[in-house]
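*Asks:* Assemble chain B onto chain A, guided by the hints.
Residue numbers (this note's numbering), protein chains in the order written: chain A, 1 to 267; chain B, 1 to 255.
Since the hints were derived computationally from the structure, they do not count as laboratory data. Each statement offered as a hint is correct.
Cβ pair distances, simulated, as ranges: (1) A:158 to B:30: 31 to 37 Å; (2) A:139 to B:26: 27 to 33 Å; (3) A:142 to B:189: 54 to 60 Å; (4) A:121 to B:186: 45 to 51 Å; (5) A:121 to B:252: 43 to 49 Å; (6) A:142 to B:156: 45 to 51 Å; (7) B:17 to A:26: 37 to 43 Å.
Distance condition first, Cα-Cα at most 30 Å in a straight line; then the derived DSS-like pairs of lysine-lysine: (8) A:141 to B:34; (9) A:137 to B:34; (10) B:34 to A:132; (11) B:34 to B:46; (12) B:6 to A:73; (13) A:73 to B:7; (14) A:63 to A:46; (15) A:241 to A:32; (16) B:34 to A:162; (17) A:132 to B:24; (18) A:32 to A:95; (19) A:95 to B:24; (20) A:241 to A:54; (21) A:162 to A:144; (22) A:46 to A:231; (23) A:73 to B:224; (24) A:214 to A:231; (25) A:144 to B:34; (26) A:136 to B:34; (27) A:46 to A:95; (28) B:103 to A:162; (29) A:162 to B:46; (30) B:6 to A:46; (31) A:95 to B:6; (32) B:7 to A:46; (33) B:46 to A:132; (34) A:73 to B:24; (35) A:137 to B:24; (36) A:136 to B:24.
Facing chain B, from chain A, some residues (calculated, C-beta under 7 Å): (37) 102; (38) 105; (39) 112; (40) 116.
Virtual Cβ for every residue (Gly too), placed ideally from N, Cα, C.
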Amino acid sequence: MIQTETYTKIQTGTDYPEPLKNIKAEPVINIKGLYKSFEKNTDILKGIDLTVKKGENLVVLGKSGSGKSVLIKCLVGLVTADRGEIEVFDTDITKLNNQQLNTIRVRIGFLFQNSALYDSMTVRENLSFPLKRHSKKLSDKEVKDSITAALESVGLIEAIDKMPSELSGGMRKRIGLARTLILHPEIILYDEPTTGLDTITSREISELILSVQKKYKTTSIIITHDMACAKLTGDRLVILKDGVMVAEGSYDALEKSEDAWVRSFFI
Amino acid sequence: MDTVLKKVFTDTGSVTLFITRFFKEVFRPPFEFKEFFRQCYSIGYKSFPLVAITGFIMGLVLTIQTRPTLAEFGAESWLPGMVALSLIREISPVITALICAGKISSGIGAELGSMKVTEQIDAMEVSAINPYKYLVVTRVLATTLMVPMLVVLADAIGILGGFAGINIHSDVTMYRYFSQVLASLDFIDILPATVKTIFFGFFIGMIGCYKGFTAANGTESVGKAANSAVVTASLAIFIIDMLAVQLTDIFFISK
Numbered sequence: 001m002i003q004t005e006t007y008t009k010i011q012t013g014t015d016y017p018e019p020l021k022n023i024k025a026e027p028v029i030n031i032k033g034l035y036k037s038f039e040k041n042t043d044i045l046k047g048i049d050l051t052v053k054k055g056e057n058l059v060v061l062g063k064s065g066s067g068k069s070v071l072i073k074c075l076v077g078l079v080t081a082d083r084g085e086i087e088v089f090d091t092d093i094t095k096l097n098n099q100q101l102n103t104i105r106v107r108i109g110f111l112f113q114n115s116a117l118y119d120s121m122t123v124r125e126n127l128s129f130p131l132k133r134h135s136k137k138l139s140d141k142e143v144k145d146s147i148t149a150a151l152e153s154v155g156l157i158e159a160i161d162k163m164p165s166e167l168s169g170g171m172r173k174r175i176g177l178a179r180t181l182i183l184h185p186e187i188i189l190y191d192e193p194t195t196g197l198d199t200i201t202s203r204e205i206s207e208l209i210l211s212v213q214k215k216y217k218t219t220s221i222i223i224t225h226d227m228a229c230a231k232l233t234g235d236r237l238v239i240l241k242d243g244v245m246v247a248e249g250s251y252d253a254l255e256k257s258e259d260a261w262v263r264s265f266f267i
Numbered sequence: 001m002d003t004v005l006k007k008v009f010t011d012t013g014s015v016t017l018f019i020t021r022f023f024k025e026v027f028r029p030p031f032e033f034k035e036f037f038r039q040c041y042s043i044g045y046k047s048f049p050l051v052a053i054t055g056f057i058m059g060l061v062l063t064i065q066t067r068p069t070l071a072e073f074g075a076e077s078w079l080p081g082m083v084a085l086s087l088i089r090e091i092s093p094v095i096t097a098l099i100c101a102g103k104i105s106s107g108i109g110a111e112l113g114s115m116k117v118t119e120q121i122d123a124m125e126v127s128a129i130n131p132y133k134y135l136v137v138t139r140v141l142a143t144t145l146m147v148p149m150l151v152v153l154a155d156a157i158g159i160l161g162g163f164a165g166i167n168i169h170s171d172v173t174m175y176r177y178f179s180q181v182l183a184s185l186d187f188i189d190i191l192p193a194t195v196k197t198i199f200f201g202f203f204i205g206m207i208g209c210y211k212g213f214t215a216a217n218g219t220e221s222v223g224k225a226a227n228s229a230v231v232t233a234s235l236a237i238f239i240i241d242m243l244a245v246q247l248t249d250i251f252f253i254s255k
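If we strip away everything but chain A, and leave its shape as in the complex, we get (with noise of 0.2 Å):
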């Protein structure tokens, strides 16, 4: 976790809660003037300026629709922006083609809403497969203790041969943490880590999420609307509002905002 916690203005032009903390890390995403927009001329993310440094643990809040995943998705090129600059590991990734933006790909790991295990795979194939592809010196031992320590840090090496469709919602997004880990990336997305987990298992995930962050000192934005997980893995909180990054600022300061809206999350 970020210790050092000296804030620094941000956004908005409102009155919101006090500004972040200045974290002495490089930025590893500089986001600047965000906009993207889908049919019906609708803006998902109207001017997202965004800076997140390295070993930080960002928290994205909002309301369904908001523009949370829209913004992950732009990070690793799911999602084209129409405006703005994505600068990930120091490079502009809208201006890369296909082939460029794969060498940053390979250094982030996203975990999808549902995991998006492959369902007519094993676990340790799901595992294995993008381990194979960008690791092709690999002995078969090396691949198989890759698997084995990935599953280990996950706590689910007993899944090992079991389908996707054996496992449980909590061990499905272990597991797609574990196909994420493998790959031994430098950042980490999570799409809603906790959704339709129940309280103790989602507090299981977001533990996990924090040991993750500890032994592979990776920098993560976490979507998410379960205010038990952002509390427990944020470093800093931003909320989107139709597109807009209405506040910013550290759990406990926001939750003490004089805006309403803003208080409305923490209830």
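*Replies:* Just chain B now, with coordinates in the frame of chain A:
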């Protein structure tokens, strides 16, 4: 009207880009041999029993239905040749392709549609794995290779079905039956009919993949993708067949 026209042009452009991408990707490494062979097994081997049963029934029924008419003209001896020609030139390729459209194209449409809806295709993309190459190229190549093979097998089993049909009312030896079949066939009867099945296979795979790959979000779209794949692939088979027959007529038969 504008919206309809816009949709027609957008869809045409989208299909064209999807097909063009296949020819770009197919020769570019890495080659997914393992997945290709897995698809060949799934598409070819697993469809064989269905195609074999249908082929046998086609030959049997065609013989039984045609026999009385030929008998009226005292031309019963033409029956083996007629059955073989009908099966090889037209019936077997089209019926087998339609069965494949129903089984394979809808299966691919539903599988890829489901992968799209559950973000499995996106998961490949963010892992820097080319989903088009892994999912589409392998399946289209497999259908392009396996459908002609299934048609050849259906031809053979259909002719065998014809032998069974003839022997219901007559007593013809297998040697005599097959001698008459082979005597009635020319290279020209087999080549164009086999070549067109390559196109059948290509479009069966391509349409299934396109429908699945472009499925909208939501589980309802998976069913729609599967259904639409069967309808479009079946229509494509008839259109390709019509063109193939015309071209064969111009280049081979008219001469």
